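What follows is the residue order along each chain.
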Amino acid sequence: MKHPLPLAIAVALAFAALPIVTASNYLVGVGVSALIFTVAAAALNLIYGFTGLLSFAQLGFWGIGGYAAALTVVTFGGTYWMGLVYAALLSGIVALVIGYPILRTNRHAFVISTLTFALLVALIARDWVDLTRGPLGIPNLPPPHAFGVTFDSPHKYYAIAWVFTVAMLAFLYALCSSRIGRTLVAIKQNEPLVRAQGISPMPYKLASFAIGAAITGAAGGVFTFYLRIIDTSFLDFYYMQTFLIIVIIGGAGSFWGVLLSGVVLSALPEALRFSADFRMIIYGVILVVAMFVMPTGVAGWLRERKLTAMREQLR
Amino acid sequence: MTIDAVYLLQLTLNGIALGLLYALIAVGLSLIFGVMEIINFAHGELLMLGAFGMCFALPVMGLLYWPALVASVIGVMLVGFAIYEVLLARLRPDEFERSILITLGLSIIIIHVMQYLFTATPRMVDSQFGFDGVEIGAIRITWTRVIGAGVALAAFAGLYFVLRHTQFGRAMRAIAQNREAALMVGIRPRVVARNAVVLAAGLSGLAGAAVAPIQNVTPYMGQFMIFKAFALVIIGGLGNVPGAVVAAVGLGLIESWIGGFYEIVWQEGAVFVIMIVVLFLRPDGLFKRGGMRVG
Numbered sequence: 000m001k002h003p004l005p006l007a008i009a010v011a012l013a014f015a016a017l018p019i020v021t022a023s024n025y026l027v028g029v030g031v032s033a034l035i036f037t038v039a040a041a042a043l044n045l046i047y048g049f050t051g052l053l054s055f056a057q058l059g060f061w062g063i064g065g066y067a068a069a070l071t072v073v074t075f076g077g078t079y080w081m082g083l084v085y086a087a088l089l090s091g092i093v094a095l096v097i098g099y100p101i102l103r104t105n106r107h108a109f110v111i112s113t114l115t116f117a118l119l120v121a122l123i124a125r126d127w128v129d130l131t132r133g134p135l136g137i138p139n140l141p142p143p144h145a146f147g148v149t150f151d152s153p154h155k156y157y158a159i160a161w162v163f164t165v166a167m168l169a170f171l172y173a174l175c176s177s178r179i180g181r182t183l184v185a186i187k188q189n190e191p192l193v194r195a196q197g198i199s200p201m202p203y204k205l206a207s208f209a210i211g212a213a214i215t216g217a218a219g220g221v222f223t224f225y226l227r228i229i230d231t232s233f234l235d236f237y238y239m240q241t242f243l244i245i246v247i248i249g250g251a252g253s254f255w256g257v258l259l260s261g262v263v264l265s266a267l268p269e270a271l272r273f274s275a276d277f278r279m280i281i282y283g284v285i286l287v288v289a290m291f292v293m294p295t296g297v298a299g300w301l302r303e304r305k306l307t308a309m310r311e312q313l314r
Numbered sequence: 000m001t002i003d004a005v006y007l008l009q010l011t012l013n014g015i016a017l018g019l020l021y022a023l024i025a026v027g028l029s030l031i032f033g034v035m036e037i038i039n040f041a042h043g044e045l046l047m048l049g050a051f052g053m054c055f056a057l058p059v060m061g062l063l064y065w066p067a068l069v070a071s072v073i074g075v076m077l078v079g080f081a082i083y084e085v086l087l088a089r090l091r092p093d094e095f096e097r098s099i100l101i102t103l104g105l106s107i108i109i110i111h112v113m114q115y116l117f118t119a120t121p122r123m124v125d126s127q128f129g130f131d132g133v134e135i136g137a138i139r140i141t142w143t144r145v146i147g148a149g150v151a152l153a154a155f156a157g158l159y160f161v162l163r164h165t166q167f168g169r170a171m172r173a174i175a176q177n178r179e180a181a182l183m184v185g186i187r188p189r190v191v192a193r194n195a196v197v198l199a200a201g202l203s204g205l206a207g208a209a210v211a212p213i214q215n216v217t218p219y220m221g222q223f224m225i226f227k228a229f230a231l232v233i234i235g236g237l238g239n240v241p242g243a244v245v246a247a248v249g250l251g252l253i254e255s256w257i258g259g260f261y262e263i264v265w266q267e268g269a270v271f272v273i274m275i276v277v278l279f280l281r282p283d284g285l286f287k288r289g290g291m292r293v294g
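Chains Y and R supply the protein sequences, listed in that same order. The numbers in numbering that gives the first Met the number 0 rise by one with no breaks, and the one at position 118 of the first sequence is 117. The numbers in numbering that gives the first Met the number 0 rise by one with no breaks, and the one at position 117 of the second sequence is 116.
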């Protein structure tokens, strides 16, 4: 793609038009999920695709964000907007605290520790009943207001999700295409070389872990208020699998590839209307097949085809 | 609550039985990691398949415990063999993240296919021993638990013997200690890796078959176990087989004691808290990874 930015703006505007085009609450709902899942997948892409750290902790941050936003409003009497800020801040701070010890370990231990962290968050959500109300959850979250508007229908909530998505993706794009983004890729490709250039990888890794966590946390907060309820199923491993599959199919390390697959993969299962079990079987098969057939995702596959075509021309 | 000796002893015995079960799974993970440097995410599903195997084999065998146990373990080993040949054999040793994603996909497939075929309703498994138990003083333990613990101990003894005294086990340890040197003396890594996966699958299937008469059998039973086993393998030091056993039995005891005196939340969370503390103090786990040294 030579000019991704004008195209991206056109697509973003097309998405903004969705609630105007259709009156169906169902379709708009699918749209909200697609937007938020894409943000969460893009945050995972920052950590896994760019920095090369496979993190399962995203699920934990998603849950922390969801609960932080819900509890700010329901238990502590704050506004929705403060809830989102706390969701991002809390996730980011937790990421810094746990990130420091687990980033010191090797990459094998990192993966497993992040997985364990996600499970620990799920356990806390289930068992700290005084705070989270356990498996009963917190139903009837009040809809947010701003500028005299109450965002109480999927159509209105879509506006919040859209603004949030565009803002987060723009931030991530700026980050990934900056010097910091290139340093992250360098760390993934050759960490000893990065050290030899006089750059300490640790602050970069920690920053990408924490930024990804904060964005995932905020996305969790936005999604909770779309569902209008939070309970322990918010930390179901299903979400993590969805984010991972989006990143892998799109192509880890490709910003635009992940956005494309985020939209397609969030909408596709809804369009095909599988039963939940059958959908998971398909997801599993896609994951296994994709890892063998195109380990670099659609974006990597296209890049390779382009390279082969260029080599053919040179011949 | 006063701490009375019988209660404490009961908790300790339960803890050892639980720890041996964790150890069966953790050792398999550690073996595979030692030889192939990959993590098998679908390892818990092998346990679940072992339990389901017991579920179907027992009625067929007229509730006879031992033939059903052997049949399920062999069945799970065959599944392990198939997983290795179809999926894992295509991986190179440095593709750690890819191995996780592939086996994660496999685990999703196995769980949901089982749920689709046999529903998520928990099953009870009845064996020839039923709920009969043995009484030692004031303590009563069911036979199925005693046998489960005994089988696990026997499996460890067998594993120790295999790794220590057979060519097959020596080759496995050689690859784990120094891959290049092992290649130079003519050890075929593919065959060794296959053996390790089949052996690990057998241990996991054995764990599943042994717990089937003790707890409910559901398609999700493997997931609860496997996440703890991952943490244990990290605590014990990745690829360190004795470390995994020590960590597993220790955890079984700690969980059982905590469960006896405090709320259940602490019991479930203990392993994760311990893991984070251990990683903070010793990033490589409690026991250093010195290949797979046995004894």
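It is worth saying that the hints were derived from the structure and are not from the lab. Any given hint could be a false lead.
Unchecked claim - Simulated coverage check for chain R against chain Y, where a stretch passes if three residues somewhere in it have a Cβ under 8 Å from a Cβ of chain Y: (1) 87-97; (2) 111-121; (3) 219-230.
On a predicted model such as this, the values are computed, not experimentally measured, just so you know. Yeah, the Cβ is synthetic: ideal placement off N, Cα and C, and Gly gets one too.
Hint check:
1. Beta-carbon proximity to chain Y at under 8 Å applies to 4 residues in the region 87-97 of chain R; the threshold of 3 is reached and the given coverage holds.
2. With 4 residues having a Cβ less than 8 Å from any Cβ of chain Y, the region 111-121 of chain R passes the three-residue criterion, so the hint holds.
3. Proximity of the region 219-230 of chain R to chain Y, defined as three or more residues with a beta carbon under 8 Å from a beta carbon of that chain, is established by the 4 residues found.
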